[in-house]
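**Q** Residue strings, one per chain:
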Amino acid sequence: MIDRQTLAKLVAADIPAGAFVNLGIGQPTEVADHLAPDSGVVLHTENGMLGMGPQAHGDDVDLDLINAGKIPVTELPGASYFHHADSFAMMRGGHLDVCVLGAYQVSARGDLANWHSGAPDAIPAVGGAMDLAVGAKQVFVMMNLLTRDGKPKLLPECTYPLTGLRCVSRVYTDLATFLITENGVVVRDLHGIAFADLQSLLDVPLIEELS
Amino acid sequence: MIDRQTLAKLVAADIPAGAFVNLGIGQPTEVADHLAPDSGVVLHTENGMLGMGPQAHGDDVDLDLINAGKIPVTELPGASYFHHADSFAMMRGGHLDVCVLGAYQVSARGDLANWHSGAPDAIPAVGGAMDLAVGAKQVFVMMNLLTRDGKPKLLPECTYPLTGLRCVSRVYTDLATFLITENGVVVRDLHGIAFADLQSLLDVPLIEELS
Amino acid sequence: MNALEAVADTADGSTVLIGGFGPAGEPVQLIEALLDSGAKELTVVSNNAGSGETGIAALIREKRVVKIVCSYPRQVDSRHFDEAYRAGRIELDLVPQGNLAERIRAGGAGIGAFFTPTGYGTMLAEGKETRVIDGKGYVLEYPIKGDLALVRAHRADRFGNLVYRKTGRNFGPIMAAAATTTVVQVEELGEIDPEHVVTPSIYVDRIVHIGRAA
Amino acid sequence: MNALEAVADTADGSTVLIGGFGPAGEPVQLIEALLDSGAKELTVVSNNAGSGETGIAALIREKRVVKIVCSYPRQVDSRHFDEAYRAGRIELDLVPQGNLAERIRAGGAGIGAFFTPTGYGTMLAEGKETRVIDGKGYVLEYPIKGDLALVRAHRADRFGNLVYRKTGRNFGPIMAAAATTTVVQVEELGEIDPEHVVTPSIYVDRIVHIGRAA
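Chains as they are written, first to last, in our numbering: chain A, 1 to 211; chain B, 1001 to 1211; chain C, 2001 to 2214; chain D, 3001 to 3214.
Certain hints may be false.
For lysine to any residue, the following SDA-like pairs were computed, each having C-alpha atoms within a straight-line distance of at most 25 Å [said to hold, decoys possible]:
| # | chain 1 | residue 1 | chain 2 | residue 2 |
| --- | --- | --- | --- | --- |
| 1 | D | Lys3067 | B | Asp1121 |
| 2 | A | Lys137 | C | Lys2040 |
| 3 | C | Lys2128 | A | Val185 |
| 4 | C | Lys2128 | D | Val3132 |
| 5 | B | Lys1153 | B | Pro1124 |
| 6 | A | Lys70 | C | Arg2074 |
| 7 | C | Lys2067 | A | Ala119 |
| 8 | D | Lys3128 | B | Asp1121 |
| 9 | C | Lys2136 | A | Val185 |
| 10 | A | Lys70 | C | Arg2155 |
| 11 | B | Lys1137 | B | Leu1063 |
| 12 | D | Lys3040 | D | Thr3015 |
| 13 | C | Lys2145 | D | Tyr3142 |
| 14 | D | Lys3128 | C | Ile2133 |
| 15 | C | Lys2067 | A | Pro124 |
| 16 | C | Lys2040 | C | Gln2075 |
| 17 | D | Lys3063 | D | Val3132 |
| 18 | B | Lys1137 | B | Phe1195 |
| 19 | A | Lys153 | A | Ile193 |
| 20 | B | Lys1070 | D | Leu3004 |
Here are some chain A residues the structure puts well away from chain D; computed CB gaps all over 10 Å [claimed, not checked]:
| # | residue |
| --- | --- |
| 21 | Ala12 |
| 22 | Glu75 |
| 23 | Gly78 |
| 24 | Thr147 |
| 25 | Glu157 |
| 26 | Pro161 |
| 27 | Leu165 |
One side of the interface only, derived from the structure: several residues of chain C facing chain A at Cβ under 8 Å [as the list claims (entries may be wrong)]:
| # | residue |
| --- | --- |
| 28 | Ala2011 |
| 29 | Arg2064 |
| 30 | Leu2094 |
| 31 | Tyr2120 |
| 32 | Arg2169 |
Quick caveat, the hints were computed from the structure, so don't treat them as lab data.
All values derive from a computational prediction rather than experimental measurement.
By construction, the Cβ of each residue, glycine as well, lies at the ideal position given by its N, Cα and C atoms.
Given these sequences and hints, build the entire structure.
**A** Below you can see the structure in the form of structure tokens.
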């Protein structure tokens, strides 16, 4: 099992140099801390900016310069600003190379559930989750493989309300990295667990990657 | 009968102060010469500009600053530039107060035919004509009432291919000004012709405006 | 023109588009003026449903809002929305953020409806027309227009052209274009290069010079 | 990178979006390079169909274009298009200018199709799906995408952000967003304020510094 920081490092290492990337709210945001300074990766925030820099502190805080999580951020050289329709056109039009999201559940086909707990009394809020799910060329999910009470979050079918259909291409978890492919779910990396033990945790048939 | 210049003056006088206006290619362009300098009328050109000034001459000619007829123009204070999709969104969205167009034919219902002669061997070209027809709050047509061989251009039905349906609100001609209304075609001004004589020229039933 | 004068004629039952994404671009003083105007039975279109005691939260607290169209009502401190929602006093129309932006853009651009991939196959598309185009699923969405838009920009020139500051731009330009009457609060008045105009003057009806928001 | 290198890999049969409205924003040197590249059986999407002997007219004269999607092919001196059209050597898809712009914008924005009022009830809507929405007639139009876009901008920065000059902006920003590969000829290289960027770098693949067009 790897910790949260190691997981963020692993995702960061898989982002190609020069890629345009959107990091979702929460755990995915931490990926930014592990991108090499010379990687040329350009971060998009859906509230209207390319070239987002690290979180702002102290005198650098400007309430007109925030990310999608409403946290004050900074501007890097080469940045640009645009309005919300242009920003989501950029996403929906498939121009971002990678989007990294958290998830409640992912199905074996790559369906994503990450916006609604399904609880009947919950106040629903979707934000940009559904747009992020369908827009990028590749959608990476970062999550723990199991819930706190030990239930798998990679499933034959999601039981929570869906965010998008067949949109996830990879699932990075504390126990393994999974590739969602036409042929099924391929296990790329194992983090201190044997393949057979991983398979015994999940109802999804797994394919061991030959390397 | 009034001449072309007097007609342009008449149209210009009917454009409200501060209005946003698109003047079509050809005769409508001449309306600009008769707008009072303090009218605050702002001209739109569909190739991406608000605040268009008069035609450019000599050293003022800049081939990156042209109007929809591809004639070099100038920029007035308060101008702005935008791309083609934004420019036509401005038009289609109903933000322009008035659009002035030429026409081959107008029907009694306000259908417009101004883009295609209907000749079978003609190379068709539509440009922005159909967008201009449907977009502005009011569409004014300027034309001679009769063709060179004496046929009326205000008709029960257009015989030329249509540019837009029920889009024309007023027709300014050398013989009279017509208002296209829910109740029919109202004659607002007569230019040296008696109402009965005007009616005898047209197959469209006319209503004399009481004033 | 002061803020109250700028919104004083807002009719009860109006649809009001309110710019801002979190604090960035939030037209705080115009929302306060709308509260002072007494307008009620409002439909508010905005990304969020307010937090704390100011802005949209205050409109909801004072029971001026009957319906909110937004993408993310739940916030750290959205207690007035939460309370009104649970009490059944406010209708919520939840729209994915990009569909919200595109619907507002369509409202200003005269588009009758459009097919968007966002939300296809989810509960937010239930009851909506869908279509598969070139093998991909889409949902048909309709334009959103406002009777009034409240927007915060950075600077206006004397013609009404606007520029924004950083991510404060967000919904401002598309809301300004989608409302019958657009009221803008600006931090400063000055000159704007025609090449740099973000919102052309044609979309702006009233300007209130407030200065830099606290 | 020079102009020929920038377009050398253009495959026969490609769809090429070519910016410009008359002389304003016309990427003359890139079109010449496309001619030199030898690419043929092209579909060209542009507002016009060329005039005189340069630009799109030269591509047509040299029989590289099998289809043109445009709003206004007829020009003062569009003899090469006229001749090819009358000889049945070129297919013409005539699109109202605003629908052309909105379809290209939809191509870049991931919209599956949209209802536009322009052209409703005319011969250019014949055979197309129509619908009456809130009492107004609309035609369903589909996005246009390109394999290649050729665009002229005024300035690029080292990241690939672009600004344009005056009405030279026209189709540039929407075409840059709607093509798989976008090649831009610029008059100058330099800095661009993030607030003034018109085409963000994400839409730009190759930049050729040509200098001010003659």
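**Q** If a hint holds in the structure, say so; if it does not, say that too.
**A** Hints versus structure:
A threshold of 25 Å between alpha carbons decides the hint, and for Lys3067(D) with Asp1121(B) the separation of about 19 Å falls inside it, so the pair holds. This hinted pair does not check out: Lys137(A) and Lys2040(C) have alpha carbons roughly 45 Å apart, beyond 25 Å. A threshold of 25 Å between alpha carbons decides the hint, and for Lys2128(C) with Val185(A) the separation of about 32 Å lies outside it, so the pair is violated. Our distance criterion of 25 Å between C-alpha atoms is met by Lys2128(C) and Val3132(D), whose separation comes to about 17 Å.
At roughly 21 Å between alpha-carbon atoms, Lys1153(B) and Pro1124(B) fall within 25 Å of each other, so this suggested pair holds. Taking the CA atoms of Lys70(A) and Arg2074(C), the gap is about 13 Å. The hint holds against a cut of 25 Å. A distance of roughly 22 Å separates the Cα atoms of Lys2067(C) and Ala119(A); the hinted pair therefore holds under the 25 Å criterion. Only pairs whose Cα atoms come within 25 Å are accepted, and Lys3128(D) paired with Asp1121(B) is accepted, the gap being roughly 24 Å.
About 22 Å separates the Cα atoms of Lys2136(C) and Val185(A), which keeps this hinted pair within 25 Å; it holds. Among the hinted pairs, Lys70(A) with Arg2155(C) is consistent with the structure: their alpha-carbon atoms are about 23 Å apart, no more than 25 Å. Proposed proximity of Lys1137(B) and Leu1063(B) is contradicted: the alpha carbons are some 31 Å apart, above 25 Å. Using a Cα cut-off of 25 Å, the hinted pair Lys3040(D) and Thr3015(D) holds, with the two alpha carbons roughly 10 Å apart.
As the CA atoms of Lys2145(C) and Tyr3142(D) are separated by approximately 23 Å, the hinted pair is consistent with the 25 Å bound. Straight-line distance between C-alpha atoms of Lys3128(D) and Ile2133(C) comes to about 15 Å, which keeps the hinted pair within the 25 Å bound. As the CA atoms of Lys2067(C) and Pro124(A) are separated by approximately 15 Å, the hinted pair is consistent with the 25 Å bound. Simply put, Lys2040(C) and Gln2075(C) have alpha-carbon atoms about 24 Å apart, close enough for the 25 Å limit, and the pair holds.
A threshold of 25 Å between alpha carbons decides the hint, and for Lys3063(D) with Val3132(D) the separation of about 42 Å lies outside it, so the pair is violated. Straight-line distance between C-alpha atoms of Lys1137(B) and Phe1195(B) comes to about 29 Å, which puts the hinted pair past the 25 Å bound. A C-alpha spacing of about 17 Å is found between Lys153(A) and Ile193(A), which places the hinted pair at or below 25 Å, so the restraint holds. At roughly 29 Å between alpha-carbon atoms, Lys1070(B) and Leu3004(D) are farther apart than 25 Å, so this suggested pair is violated.
With a least CB separation of 20 Å from chain D, Ala12(A) remains clear of the 10 Å interface cut-off, as annotated. With a least CB separation of 6 Å from chain D, Glu75(A) falls inside the 10 Å interface cut-off, contrary to its annotation. Not every CB of chain D is more than 10 Å from the CB of Gly78(A) (nearest about 3 Å), against its label as outside the interface. With a minimum CB-CB distance of about 33 Å to chain D, Thr147(A) clears the 10 Å threshold, and the non-interface call stands.
For Glu157(A), the shortest C-beta to C-beta distance to chain D comes to about 26 Å, beyond the 10 Å cut-off, and the non-interface label holds. Its beta-carbon lying about 23 Å from the closest one in chain D, Pro161(A) satisfies the requirement of being farther than 10 Å from that chain. Listed as a non-interface residue, Leu165(A) keeps its Cβ farther than 10 Å from every Cβ of chain D; the least gap is roughly 15 Å. The restraint placing Ala2011(C) at the interface with chain A is violated, with a minimum CB-CB distance near 27 Å, outside the 8 Å limit.
Given hint, Arg2064(C) at the interface with chain A, is violated; its Cβ is 20 Å from that chain's nearest Cβ, farther than 8 Å. A distance limit of 8 Å between C-beta atoms decides the matter here; for Leu2094(C) the minimum to chain A is near 5 Å, and the interface restraint holds. A cut of 8 Å between beta carbons decides the hint on Tyr2120(C): the least distance to chain A is about 7 Å, and the hint holds. Hint status for Arg2169(C) relative to chain A: holds, with the closest Cβ pair at about 5 Å, below 8 Å.
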